[in-house]
Amino acid sequence: DAGVTQSPTHLIKTRGQHVTLRCSPISGHKSVSWYQQVLGQGPQFIFQYYEKEERGRGNFPDRFSARQFPNYSSELNVNALLLGDSALYLCASSLQNSGNTIYFGEGSWLTVV
Amino acid sequence: GEDVEQSLFLSVREGDSSVINCTYTDSSSTYLYWYKQEPGAGLQLLTYIFSNMDMKQDQRLTVLLNKKDKHLSLRIADTQTGDSAIYFCAEKWDNQGGKLIFGQGTELSVKP
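Sequence lines, in order, name chains H and C. Take 8 as the starting number for the first sequence in our numbering and just add one per residue. Take 52 as the starting number for the second sequence in our numbering and just add one per residue.
Source of the hints: derived by calculation from the structure; they are not laboratory data. Treat the hints loosely; a few may be bogus.
What the hints assert, rightly or not - Here chain C is said to cover these stretches of chain H; the calculated rule only asks that three of the stretch's residues, wherever they fall, bring their Cβ under 8 Å from a Cβ of chain C:
1) 51 to 60
2) 111 to 119
To be verified - In the SDA-like style, the derived pairs of lysine to any residue whose C-alpha atoms are separated by at most 25 Å in a straight line are:
3) H:Lys37 to C:Asn146
4) C:Lys119 to H:Asn107
5) H:Lys59 to H:Leu46
6) C:Lys87 to C:Phe60
7) H:Lys37 to C:Ala92
8) C:Lys87 to H:His17
9) H:Lys37 to C:Ile100
10) C:Lys87 to H:Gly65
11) C:Lys107 to H:Thr12
12) C:Lys162 to H:Gly47
13) C:Lys87 to H:Leu102
14) C:Lys87 to C:Val63
15) C:Lys87 to H:Lys20
16) C:Lys119 to C:Thr76
17) H:Lys37 to C:Leu96
18) C:Lys87 to H:Ser34
19) C:Lys121 to C:Thr98
20) H:Lys37 to C:Gln95
21) C:Lys107 to H:Leu102
22) H:Lys20 to H:Val45
23) C:Lys87 to H:Phe76
24) C:Lys121 to C:Lys162
25) C:Lys119 to C:Ala92
26) C:Lys107 to H:Asn107
27) H:Lys37 to C:Lys87
28) C:Lys87 to H:Asn107
29) C:Lys87 to H:Thr12
30) C:Lys87 to H:Leu18
31) C:Lys87 to H:Lys59
32) H:Lys37 to C:Trp144
33) C:Lys118 to H:Thr108
34) H:Lys37 to C:Tyr82
35) C:Lys118 to H:Gly106
36) C:Lys107 to H:Gly23
37) C:Lys121 to H:Thr118
38) C:Lys107 to C:Gly133
Backbone N, C-alpha and C define an ideal beta-carbon position, used for all residues, glycine too.
Excised from the complex, chain H in its bound form (with noise of 0.2 Å):
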């Protein structure tokens, strides 16, 4: 069975640009995170979305926003990208919503210049 799946593995923007950043949960997980990792840090939250709602957001500014679709894969959008964006993007899914078993894909890399 395929893991959690992230795409694209890397990407480079330039300040000002948007990105779309994709992830498939694994197959049944109805559950969706998303968390941005600078180098050298551990992961932040950044939203959680359960059945196509959103149930919890971290501390990120508004430019960032995300949406869950009906098959649960999940898209990551950021507006006005800043050099500080430049991080690894995680997505996490998850059986239910607060689910206990919480599996991380491979994480989009991505840096703006």
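Following the hints, put chain C in place on chain H, whose structure we already have.
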């Protein structure tokens, strides 16, 4: 606050045991986790423990939880060079959709 604290570095010899320590913040956290991250990769779930447990063992991994002191540890027996990685502990906050609060990570270096 949201500070989960870990020591930054640990160096051990191959075959020795490694113990990675973590202190967390929220006594109401229901689950605590250990993840492994190799260079350039995502997070691999190693194990997790329910907050009502004191200990959990899974092959070479032993997790100890002292809820009174909010202290979590991960012991890796017979450490191998393939165990070299960054290890993150995390606590789950159920009141915010089950978000995980991570520590800064402990870099484990295993010398042959």
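Hints, verified against the model:
no.	hint	verdict
1	51 to 60	holds (count 4)
2	111 to 119	holds (count 4)
3	H:Lys37 to C:Asn146	18 Å, holds
4	C:Lys119 to H:Asn107	22 Å, holds
5	H:Lys59 to H:Leu46	30 Å, violated
6	C:Lys87 to C:Phe60	14 Å, holds
7	H:Lys37 to C:Ala92	24 Å, holds
8	C:Lys87 to H:His17	21 Å, holds
9	H:Lys37 to C:Ile100	22 Å, holds
10	C:Lys87 to H:Gly65	23 Å, holds
11	C:Lys107 to H:Thr12	29 Å, violated
12	C:Lys162 to H:Gly47	22 Å, holds
13	C:Lys87 to H:Leu102	21 Å, holds
14	C:Lys87 to C:Val63	17 Å, holds
15	C:Lys87 to H:Lys20	28 Å, violated
16	C:Lys119 to C:Thr76	11 Å, holds
17	H:Lys37 to C:Leu96	18 Å, holds
18	C:Lys87 to H:Ser34	23 Å, holds
19	C:Lys121 to C:Thr98	18 Å, holds
20	H:Lys37 to C:Gln95	20 Å, holds
21	C:Lys107 to H:Leu102	22 Å, holds
22	H:Lys20 to H:Val45	16 Å, holds
23	C:Lys87 to H:Phe76	29 Å, violated
24	C:Lys121 to C:Lys162	31 Å, violated
25	C:Lys119 to C:Ala92	34 Å, violated
26	C:Lys107 to H:Asn107	15 Å, holds
27	H:Lys37 to C:Lys87	24 Å, holds
28	C:Lys87 to H:Asn107	17 Å, holds
29	C:Lys87 to H:Thr12	18 Å, holds
30	C:Lys87 to H:Leu18	24 Å, holds
31	C:Lys87 to H:Lys59	29 Å, violated
32	H:Lys37 to C:Trp144	18 Å, holds
33	C:Lys118 to H:Thr108	20 Å, holds
34	H:Lys37 to C:Tyr82	19 Å, holds
35	C:Lys118 to H:Gly106	21 Å, holds
36	C:Lys107 to H:Gly23	48 Å, violated
37	C:Lys121 to H:Thr118	36 Å, violated
38	C:Lys107 to C:Gly133	22 Å, holds
Going down the numbered hints, you'll see the structure goes against 5, 11, 15, 23, 24, 25, 31, 36 and 37, while the others check out.
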